[in-house]
Amino acid sequence: MKMTGARIVIESLIKENVEVVFGYPGGAIMNVYDELYKQDKFKHILAKHEQGAVHMADGYARATGKVGVAMVTSGPGLTNAVTGIATAYTDSIPMVVISGQVPTTAIGTDAFQEVDAVGVTRPITKHNFLVKDVNDLAFIIKEAFYLAKSGRPGPVHIDIPKDVTVAKTTFNYPEKIELKTYKPTYKGNKRAIKRAVEAIKKAKRPVFYIGGGSVLSGASEIIREIVKFTKIPSVETLMARGVLKYDCPYLYGMVGMHGTFSANMAMNDADLIISLGARFDDRVTGKIDEFAKNADIVHIDIDPSQIGKVVETKYPIVGDVKLVLEEMMPLLFDGIDTERYKEWRDILDRYQELYPLKYADSDEVIKPQWVIERTGHLVPENAIITTDVGQHQMWAAQFYPFTYPRQLITSGGLGTMGFGFPAALGAKEGMKERVVINFTGDGSIMMNIQEVLAGYKYNLPVVNIILNNNYLGMVRQWQTMFYEDRLSETDLSDVQPDFVKLAESMGGIGFRVSKKREFEKALKEAIKSKKVAFIDVQVDRREDVLPMVPPNSPLKNMLVFKEDK
Amino acid sequence: MKRVISVIVENEHGVLARIVNMFAARGYNITSLTVAPIPNSEFSRMTIMSEGDPKVFEQIVKQLYKLIPVYKVIESDDFIQKEMAMVKFPLKEVKNNLADIDAIAKCYNGKISNVNDKHIVVSVVDRPDRIDNFLKAMSVKYKNLEIVRSGVSVIER
Ligand SMILES: Cc1ncc(C[n+]2csc(CCOP(=O)(O)OP(=O)(O)O)c2C)c(N)n1
Ligand SMILES: [Mg+2]
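Chains U and F, in that order, give the protein sequences. For the first sequence, the positions run 1 to 565 when this note's numbering is used. For the second sequence, the positions run 566 to 722 when this note's numbering is used.
If you are wondering where the hints come from, they were derived from the structure by calculation, not from laboratory data. C-beta atoms are modelled at their ideal positions from N, C-alpha and C, and glycine is treated no differently.
Derived Cβ-Cβ restraints for the label pairs, each shown as a range:
#1 I595(F) <-> P356(U): 48 to 54 Å
#2 R714(F) <-> R195(U): 44 to 50 Å
#3 G617(F) <-> T185(U): 22 to 28 Å
#4 K314(U) <-> K653(F): 51 to 57 Å
#5 K183(U) <-> R714(F): 33 to 39 Å
#6 G579(F) <-> R195(U): 37 to 43 Å
#7 R486(U) <-> K701(F): 54 to 60 Å
#8 N679(F) <-> V166(U): 50 to 56 Å
#9 E312(U) <-> A664(F): 56 to 62 Å
Here are the simulated DSSO-like cross-link-like pairs (lysine-lysine), alpha carbons at most 30 Å apart as the crow flies:
#10 K309(U) <-> K567(F)
#11 K314(U) <-> K631(F)
#12 K287(U) <-> K627(F)
Same shape as in the complex, but just chain U (with noise of 0.2 Å):
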């Protein structure tokens, strides 16, 4: 039987078992929005806005594993789409994008709503495809799932011109795919590992420094039992918050420009940095040239193009991080002396206790760190937190208790504001059961705050704790560190919304917080109230993300607390 484009389009979603597509309709994508309309097996969710709709999409893959799907007309439908592109683009997050495009004989003429789509999104994706032919749409799909999810994952954008949904042809979905120009390599090679595992064995000071590759291979389990038996020191990037539990004795925290002080120390003075799907990004390394001088490195990253990139490497490895440690571990296993690193670990426990992580609490103003913390301890283990960015994401991923990987969403390589609600609304279709916690400010939210209204029409209550410094506060704190407190643009005290009646006005619900006491009765409410929350926090102004490295310093040149000076 002959099928439409657009009839393959949705066809293939489900031969995927596609759940749910984020997207917002318009004329070059009409048709397959029409043969959506006819079908019962997955669900549609309309955002407010494009940039919204791949957000969501986006959260749900992060927090389910699973590809996130959206879908937008073309023209200003996919430039709206860009931004969520190239936010999951950089954090490697599997998601396919469909675009509508105007009809192939119309490509080229700069008609009505025409974008060169491709051209837009070429850098911004995993790849990426025009569809010319409708004879090659049914593969082109197929490949497309494949490539956002095998090998490093990441964004994959297909543009269907809109003649394409119309031609017919017979579908036939491809049960298996073999591409002869991509083929990852997911086994670690055997020799290379042996050397890294004696390696291991005969440093001194080694540390594990584990990244958001350790996530998306779910190395969590096996990291937790190697950490466990080796004892080896271990640090994690923004992304990789939750591979191992907060409580985790050999876990120093969170490394790099608001990392902890033993974190950043322990990479400062390793003789031997094991990366496990990390980057060596500028927010973790600090200053190049002095970035962890003594220290040989073990790369396992599943892209080659990362191995070497910033960093000499001594010991590369080009695999999947889980199956190359399940390679690793009984070798590792093998004899080694765990006493070995106890001078290693005392050192930074010293560190650690010199420097800890904290903040100076106080009975008449709200500290922001003080209701992350005590959001930790009132919502259950595995509610999923999202962030969106500035201090409150940085204090976040710092006094959260994080107890399993996939629990933090943010965004950490683009640092996009206003991902955070949409994300939460994407993780919480994909995890109806769990409790779900945006941390955001009162700059980023209004980003994407017309996405409420989706909350309120798909029923998906997630909690926005505002933490309200009535500045774009991150940007006010470089003013006020390194700008001599000129505050160009970034106090939003005179043009603060009424968080409370704009969430009511879109069917939330809305609080607002300005001594400690009411902060408990509010979460436990928003919670109860099965709607999409705003709790507006008052909190102090000039509180700082510390300690700090200084932007383009080495990492043991932390600013650490005033007190401890």
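Chain U is already provided as a structure; the job is to place chain F with the ligands on it using the hints.
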């Protein structure tokens, strides 16, 4: 340092743009680029001459492999390298030296390809560094030349 790499890619929509964009986005240079389909296959062969230190080259190769339609990146210090150059001389510049020019062109696997009432055109095919020499010699001797270079193509020995 100049280096040549050969990239075998699938013939598909936008593949050239993908490669060129990657170079532009990461700030790598392209000195020359040639591309043509490989007969009786679904692949094309691109030859890219680029400049950079060995670390940059290592990244270029890895980043090329990361592009989905890239099948193979061939690096070798032992390519047979050929480039074509065409030089247009105003006839009045060279009137009395045609034999001389023809003789030099022959040293570079070339010849006079065309003569009309205004110009003569010489084409040569040789290693890029030898083409450099040829063009230098010609430019010193004659004025108002128009020069076209094809960019290098290579094949493994
Ligand atoms: C889309 C976008 N625009 C601008 C920035 C730059 N930026 C980073 S943090 C920040 C301030 C965020 O303010 P808010 O959401 O109130 O969080 P706070 O730092 O106050 O906790 C800005 C403007 C960004 N990261 N993303
Ligand atoms: Mg703020």
